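Participant: So you can see what is in the structure, the chains are spelled out below.
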Amino acid sequence: SQTIHQWPATLVQPVGSPLSLECTVEGTSNPNLYWYRQAAGRGLQLLFYSVGIGQISSEVPQNLSASRPQDRQFILSSKKLLLSDSGFYLCAWSRQGHVNEQYFGPGTRLTVT
Amino acid sequence: AQKVTQAQTEISVVEKEDVTLDCVYETRDTTYYLFWYKQPPSGELVFLIRRNSFDEQNEISGRYSWNFQKSTSSFNFTITASQVVDSAVYFCALSDPFLDSNYQLIWGAGTKLIIKP
Chain A
282 SQTIHQWPAT LVQPVGSPLS LECTVEGTSN PNLYWYRQAA GRGLQLLFYS
332 VGIGQISSEV PQNLSASRPQ DRQFILSSKK LLLSDSGFYL CAWSRQGHVN
382 EQYFGPGTRL TVT
Chain B
14 AQKVTQAQTE ISVVEKEDVT LDCVYETRDT TYYLFWYKQP PSGELVFLIR
64 RNSFDEQNEI SGRYSWNFQK STSSFNFTIT ASQVVDSAVY FCALSDPFLD
114 SNYQLIWGAG TKLIIKP
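Protein chains in written order, with our numbering: chain A, 282 to 394; chain B, 14 to 130.
By construction, these hints were calculated from the structure, which means they are not laboratory data.
For clarity, every value in this text was computed on a predicted model and none was experimentally measured.
Think of the CB as a built atom: it goes at the ideal place given N, C-alpha and C, for glycine as much as any other residue.
Accuracy of the hints is not assured; some may be wrong.
[Said to hold, decoys possible] To give an idea of the chain A side of the interface with chain B (calculated C-beta under 10 Å), a few residues:
#1 P289
#2 Y315
#3 L327
#4 E340
#5 F369
#6 L371
#7 E382
[Unchecked claim] Simulated pairs of lysine to any residue, SDA-like, Cα-Cα distance not exceeding 25 Å:
#8 B/K16 with A/R376
#9 A/K361 with A/R376
#10 B/K51 with A/G308
#11 B/K125 with A/L328
#12 B/K125 with B/D31
#13 B/K125 with A/R390
#14 B/K125 with A/N313
#15 B/K129 with A/A321
#16 B/K16 with A/T291
#17 B/K129 with A/G322
#18 B/K16 with A/R349
#19 B/K29 with B/Q96
#20 B/K129 with B/G75
#21 B/K83 with A/P289
#22 B/K29 with B/D68
#23 B/K16 with A/F369
#24 B/K16 with A/L328
#25 B/K129 with B/K16
#26 B/K125 with B/E28
#27 B/K125 with A/G324
#28 A/K361 with A/A290
#29 B/K16 with A/A321
#30 B/K51 with B/D68
#31 B/K125 with A/R376
#32 B/K83 with B/E72
#33 B/K16 with A/G368
#34 B/K129 with A/R323
#35 B/K16 with A/N313
#36 B/K16 with A/E340
#37 B/K51 with A/T291
#38 B/K51 with A/W288
#39 B/K51 with A/N381
#40 B/K16 with A/A320
I would like the entire structure built from these sequences, with the hints used as guidance.
Facilitator: Okay, structure coming up:
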């Protein structure tokens, strides 16, 4: 069966500090990978998605970036965090093809102080 | 433009009551897919169902049922005999294969369901 891991579960970072969130998927190969952000009490905002190693599509211009160094590894980064980067970050995967459901990781709660 | 509307921001019912969560979508295409997800207080989104636009049969899974009506562009979700564990935020989403970014799901804003004991 497939599983998706995210870490850390919670993170408190000062403004201006760097960020690295990691997501890995097990039990499948060549998945589509996604990073979402959810502000408190709000809906989901797609940040990045990837259909393969090194292939990243950005949906929202911001100070965040994503990388996919390995088939089942997806990393969300920032060089300098802003207060507005606070939120709940969710990684998801789906099988290749647009009609497949997405499966989500447990998420990372980021607070920028 | 494609859009998903969940007009009910928050619903509160007493345990064992039936509750229906509404989802209305907009798309210009005849081929599309609809989804429901559950987000319990822990935060992780849980996939509940996927339905394609050519299958209008209602779906039942235990206490959960879904009513898909193309005529009204709705894909409503009913929980029968609700339980406290059903308390969560529920999201409806649309996948439109003809979007330029066709890997995206178009998400509704979510409905917060509170089940009181």
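Participant: A separate judgement is required for each hint: does it hold in the structure or not?
Facilitator: Cross-check of the supplied hints:
no., hint, in the structure
1, P289, "violated, 13 Å"
2, Y315, "holds, 8 Å"
3, L327, "holds, 6 Å"
4, E340, "holds, 7 Å"
5, F369, "holds, 6 Å"
6, L371, "holds, 7 Å"
7, E382, "holds, 5 Å"
8, B/K16 with A/R376, "holds, 23 Å"
9, A/K361 with A/R376, "violated, 33 Å"
10, B/K51 with A/G308, "holds, 23 Å"
11, B/K125 with A/L328, "holds, 23 Å"
12, B/K125 with B/D31, "holds, 15 Å"
13, B/K125 with A/R390, "holds, 19 Å"
14, B/K125 with A/N313, "violated, 28 Å"
15, B/K129 with A/A321, "holds, 22 Å"
16, B/K16 with A/T291, "violated, 32 Å"
17, B/K129 with A/G322, "holds, 20 Å"
18, B/K16 with A/R349, "violated, 30 Å"
19, B/K29 with B/Q96, "holds, 6 Å"
20, B/K129 with B/G75, "holds, 20 Å"
21, B/K83 with A/P289, "violated, 42 Å"
22, B/K29 with B/D68, "violated, 30 Å"
23, B/K16 with A/F369, "holds, 23 Å"
24, B/K16 with A/L328, "holds, 18 Å"
25, B/K129 with B/K16, "violated, 31 Å"
26, B/K125 with B/E28, "holds, 15 Å"
27, B/K125 with A/G324, "holds, 11 Å"
28, A/K361 with A/A290, "holds, 20 Å"
29, B/K16 with A/A321, "holds, 22 Å"
30, B/K51 with B/D68, "holds, 22 Å"
31, B/K125 with A/R376, "violated, 29 Å"
32, B/K83 with B/E72, "holds, 15 Å"
33, B/K16 with A/G368, "holds, 24 Å"
34, B/K129 with A/R323, "holds, 22 Å"
35, B/K16 with A/N313, "holds, 23 Å"
36, B/K16 with A/E340, "holds, 17 Å"
37, B/K51 with A/T291, "holds, 21 Å"
38, B/K51 with A/W288, "holds, 21 Å"
39, B/K51 with A/N381, "holds, 17 Å"
40, B/K16 with A/A320, "holds, 20 Å"
Hints 1, 9, 14, 16, 18, 21, 22, 25 and 31 from the earlier list are contradicted by this structure; the remaining hints agree with it.
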